[in-house]
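Visitor: First to last, the sequence lines map onto chains X and W. My numbering puts the first residue of the first sequence at 1, with every later residue one more than the last. My numbering puts the first residue of the second sequence at 117, with every later residue one more than the last.
Some hints here could point you the wrong way.
Here are the computed distance ranges between Cβ atoms for each label pair [unchecked claim]: (1) W:N124 / X:Q60: 24 to 32 angstroms; (2) X:T82 / W:K187: 39 to 47 angstroms; (3) W:W199 / X:Q60: 37 to 45 angstroms; (4) W:K177 / X:W10: 25 to 33 angstroms; (5) X:R112 / W:K177: 23 to 31 angstroms.
If you're looking for bench data, these hints aren't it; they were derived computationally from the structure. Every value quoted in this text rests on a predicted model; they were computed, and no experiment measured them. No residue lacks a Cβ here, since even glycine has one placed at the ideal position from N, Cα and C.
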Amino acid sequence: GAVVSQHPSWVICKSGTSVKIECRSLDFQATTMFWYRQFPKQSLMLMATSNEGSKATYEQGVEKDKFLINHASLTLSTLTVTSAHPEDSSFYICSARGTSGRVEQYFGPGTRLTVT
Amino acid sequence: AQSVSQHNHHVILSEAASLELGCNYSYGGTVNLFWYVQYPGQHLQLLLKYFSGDPLVKGIKGFEAEFIKSKFSFNLRKPSVQWSDTAEYFCAVNSVDTGTASKLTFGTGTRLQVTL
Numbered sequence: 001g002a003v004v005s006q007h008p009s010w011v012i013c014k015s016g017t018s019v020k021i022e023c024r025s026l027d028f029q030a031t032t033m034f035w036y037r038q039f040p041k042q043s044l045m046l047m048a049t050s051n052e053g054s055k056a057t058y059e060q061g062v063e064k065d066k067f068l069i070n071h072a073s074l075t076l077s078t079l080t081v082t083s084a085h086p087e088d089s090s091f092y093i094c095s096a097r098g099t100s101g102r103v104e105q106y107f108g109p110g111t112r113l114t115v116t
Numbered sequence: 117a118q119s120v121s122q123h124n125h126h127v128i129l130s131e132a133a134s135l136e137l138g139c140n141y142s143y144g145g146t147v148n149l150f151w152y153v154q155y156p157g158q159h160l161q162l163l164l165k166y167f168s169g170d171p172l173v174k175g176i177k178g179f180e181a182e183f184i185k186s187k188f189s190f191n192l193r194k195p196s197v198q199w200s201d202t203a204e205y206f207c208a209v210n211s212v213d214t215g216t217a218s219k220l221t222f223g224t225g226t227r228l229q230v231t232l
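Kindly produce the complete structure, drawing on both the sequences and the hints.
Guide: Next comes the structure, spelled out in structure tokens:
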């Protein structure tokens with residue numbers, strides 16, 4: 001149980017275009033989903049927290065207009081990187097927390113974004 | 117703000133050797149503590165967690181961790197490692213009393229390489 005998927009697993013896009021990454025909880029309902037960014041050989045940095053049906057809460061230094069997050073249902077959250085630039089190239093990971101009030105987060109496999 | 121330190125960045129052990137990975141956090145309040153493991157090419161998986169009670173917690177695959185409040189530490193241990201334990205290990209902390217909706221702060225990770 002507690003499986004989280006991400007799509008796509010990797011994507012290459014040209015500078016200036018937008019890319020959408022999906023995060024789905026497959027076998028549970030997720031009231032809260034988290035989006036992280038991981039640079040090579042570094043830790044996961046939380047970008048934003050999204051709750052179903054409400055606006056995402058962004059961490060300090062994360063541009064909300066550049067990283068659009070939508071959590072339209074209890075099983076789906078999307079991250080759209082708008083007007084991507086090469087410095088946005090990274091590994092993006094989502095996680096989900098269930099509705100039971102438990103604290104644990106379940107992580108997706110990540111999406112490798114390369115902006116050329 | 118809370119922070120997490122993992123002092124061992126890369127550890128190389130022979131099979132059957134004992135393992136201890138350090139994790140220290142900086143936060144004076146009540147915390148939940150986690151160890152996650154990321155096997156090559158796979159997503160983050162929860163290894164074990166501490167919420168309250170017995171400070172010695174046991175997780176999957178023979179791992180255990182001890183919470184020492186006075187030292188702000190949550191070190192991960194395994195008496196005898198196997199080649200299949202080769203992975204990246206992340207310590208994470210969630211502060212309970214800041215109302216931060218289960219936000220996790222991750223350490224930088226420790227790469228464990230087990231040789232045959």
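Visitor: Tell me the numbers of any earlier hints that the structure contravenes, in ascending order.
Guide: none
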